[in-house]
Amino acid sequence: MGKPVLVIPCSGIGKPFGSIARDATFRVCDDLRPEKADTLCLSLIVMGDEEAREKVASSRCITVDGCPLACSHNNVARSGGNIAAEFRVMDLLRENRGLRPRAVTFLDEDGEKLSKMLGDRIAAKVDELSEGSR
Amino acid sequence: MNLKPKVGVVSCSGECCALGTLSRVATRLVLEELRPYQTVTLCLPLFLAGEEGEHTFAKEYPTIAVDGCGKLCARKAIARFSKEPVDGVDVEALLKEWRVKPPKDRRVLNDDGIELARRLAKLLAEKVDAVQGAA
Numbered sequence: 013m014g015k016p017v018l019v020i021p022c023s024g025i026g027k028p029f030g031s032i033a034r035d036a037t038f039r040v041c042d043d044l045r046p047e048k049a050d051t052l053c054l055s056l057i058v059m060g061d062e063e064a065r066e067k068v069a070s071s072r073c074i075t076v077d078g079c080p081l082a083c084s085h086n087n088v089a090r091s092g093g094n095i096a097a098e099f100r101v102m103d104l105l106r107e108n109r110g111l112r113p114r115a116v117t118f119l120d121e122d123g124e125k126l127s128k129m130l131g132d133r134i135a136a137k138v139d140e141l142s143e144g145s146r
Numbered sequence: 016m017n018l019k020p021k022v023g024v025v026s027c028s029g030e031c032c033a034l035g036t037l038s039r040v041a042t043r044l045v046l047e048e049l050r051p052y053q054t055v056t057l058c059l060p061l062f063l064a065g066e067e068g069e070h071t072f073a074k075e076y077p078t079i080a081v082d083g084c085g086k087l088c089a090r091k092a093i094a095r096f097s098k099e100p101v102d103g104v105d106v107e108a109l110l111k112e113w114r115v116k117p118p119k120d121r122r123v124l125n126d127d128g129i130e131l132a133r134r135l136a137k138l139l140a141e142k143v144d145a146v147q148g149a150a
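Residue numbers (the working numbering), protein chains in the order written: chain A, 13 to 146; chain B, 16 to 150.
Just so you know, the hints here were simulated from the structure itself, not pulled from any lab data.
These figures come from a predicted structure and were not determined experimentally.
Glycine is no exception: its CB is placed at the ideal position from the N, C-alpha and C atoms.
There could be a bad hint or two in this list.
[Claimed, not checked] Derived BS3-like pairs (lysine-lysine); straight-line CA-CA distance at most 25 Å:
1) A:LYS27 x B:LYS21
2) A:LYS48 x A:LYS128
3) A:LYS67 x B:LYS91
4) A:LYS27 x B:LYS91
5) A:LYS48 x A:LYS125
6) B:LYS119 x A:LYS128
7) A:LYS67 x B:LYS21
8) B:LYS91 x A:LYS125
[Stated by the list, open to error] Pairwise CB distance ranges, derived in the manner of DEER restraints:
9) B:VAL55 x A:LYS128: 48 to 54 Å
10) A:ALA69 x B:PRO51: 39 to 45 Å
11) A:SER70 x B:LYS137: 26 to 32 Å
12) B:LEU138 x A:GLY60: 53 to 59 Å
13) A:ASN94 x B:ALA149: 45 to 51 Å
14) A:ASP132 x B:LEU18: 25 to 31 Å
15) A:ASN108 x B:LEU138: 45 to 51 Å
16) A:GLY144 x B:PRO20: 49 to 55 Å
17) B:LYS21 x A:ALA115: 21 to 27 Å
18) B:PRO20 x A:ASP103: 23 to 29 Å
[Stated by the list, open to error] From the derived model, a few chain A residues whose C-beta atoms are all more than 12 Å from chain B:
19) LYS15
20) LYS48
21) GLU66
22) ASN94
23) ALA96
24) GLY110
25) ALA136
The shape of chain A in the complex, shown without the other chains:
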């Protein structure tokens, strides 16, 4: 088996969108594709931790951003990361205008729905990238 795909969420803490990005990432790495996907602390990458930087440079990365500031995408790119795909919670919200997540600390029903949808999409992308590397 090849190197796991790194799924790196933004670390948004002020709004539900960051929580959804993180929750979806954990779904993929811990439940849906534990053998194929892994994650890293974004802060560690941005702080210049050597091991973390080496990992993003040598792995295929998927960035997952909660808000348009795109901290994950921008910081992984700035750290020399090899970004193979990017997801934005905002895009998902536009497609699902009926869903209005409000809770930040513990996701509410709409937040859970969005996290599940996003997790499934990321997992599909992980499969695609893993297939491509065989």
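Given the coordinates of chain A, assemble chain B onto it according to the supplied hints.
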């Protein structure tokens, strides 16, 4: 009228392990339930990426760093880009001191994990009070 400055409670992002989840949830509990009018938070990577407003806040207002592990990303980042946080918690070390095992699941905290987050949040709220009392 003696207005106390708001305190920034800044959690590490900590996606690597459940200690990060504990740090973030405790931080949010302080903001939402325990000291909603006295505290604000900052997204650490946004702060690290050089967002001017967030740097300025941490320069002008006191901050408390909440770090999941001994790498102390939050504490180091605030010190590097603004000024030393006035206080901080290394959650990994604290749990050892409390003789409590960290939660296992990083996505969803179970009842014990939530109870632990509440205990940590209470400690953080006390630190906020101490900072404001000294201001």
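Structure-based check of each hint:
Between A:LYS27 and B:LYS21 the alpha-carbon distance is near 19 Å, which keeps this suggested pair within the 25 Å criterion. In summary, the hint linking A:LYS48 to A:LYS128 is supported, as the alpha carbons are separated by about 18 Å, within the 25 Å threshold. The hinted pair formed by A:LYS67 and B:LYS91 meets the criterion: a straight-line CA distance of about 21 Å does not exceed 25 Å. Annotation: proposed proximity of A:LYS27 to B:LYS91 holds, straight-line Cα distance about 24 Å (limit 25 Å).
A distance of roughly 23 Å separates the Cα atoms of A:LYS48 and A:LYS125; the hinted pair therefore holds under the 25 Å criterion. Annotation: proposed proximity of B:LYS119 to A:LYS128 holds, straight-line Cα distance about 21 Å (limit 25 Å). About 38 Å separates the Cα atoms of A:LYS67 and B:LYS21, which puts this hinted pair outside 25 Å; it is violated. Of the supplied pair hints, the one linking B:LYS91 and A:LYS125 is violated, its CA atoms being roughly 36 Å apart against a limit of 25 Å.
A hinted range of 48 to 54 Å is violated for the C-beta pair B:VAL55 and A:LYS128, which are about 30 Å apart. For A:ALA69 and B:PRO51, the hinted distance range of 39 to 45 Å is satisfied, since their beta carbons lie about 41 Å from each other. For the hinted restraint 26 to 32 Å between A:SER70 and B:LYS137, the CB-CB distance of approximately 42 Å leaves it violated. Distance hint check for B:LEU138 and A:GLY60: the Cβ-Cβ separation is about 30 Å, which falls outside the suggested range of 53 to 59 Å.
For the hinted restraint 45 to 51 Å between A:ASN94 and B:ALA149, the CB-CB distance of approximately 47 Å keeps it satisfied. The hinted range of 25 to 31 Å is not satisfied by A:ASP132 and B:LEU18, whose Cβ atoms lie roughly 48 Å apart. Look at A:ASN108 against B:LEU138: about 38 Å separates their beta carbons, and that is not inside 45 to 51 Å. Here the CB-CB span from A:GLY144 to B:PRO20 is close to 53 Å, well matched to the stated 49 to 55 Å.
The beta-carbon spacing between B:LYS21 and A:ALA115, approximately 23 Å, falls within the hinted interval of 21 to 27 Å. Distance hint for B:PRO20 and A:ASP103: a CB-CB separation of about 38 Å, inconsistent with the stated range 23 to 29 Å. At roughly 17 Å from the closest C-beta of chain B, the C-beta of A:LYS15 stays outside 12 Å, upholding its exclusion from the interface. For A:LYS48, the non-interface assignment is confirmed: its Cβ lies about 17 Å from the closest Cβ of chain B, beyond the 12 Å cut-off.
Interface exclusion of A:GLU66 from chain B stands, the closest Cβ pair being 15 Å apart, more than 12 Å. Distance check for A:ASN94 against chain B: the nearest CB is about 18 Å away, which clears 12 Å, and the non-interface claim stands. Every Cβ of chain B is farther than 12 Å from the Cβ of A:ALA96; the closest lies at roughly 18 Å, confirming the non-interface assignment. With a cut of 12 Å on Cβ distances, A:GLY110 stays outside the contact zone with chain B, its closest approach being about 24 Å.
Annotated as non-interface, A:ALA136 keeps its C-beta farther than 12 Å from every C-beta of chain B; the closest such distance is 19 Å.
Going down the numbered hints, you'll see the structure goes against 7, 8, 9, 11, 12, 14, 15, 18, while the others check out.
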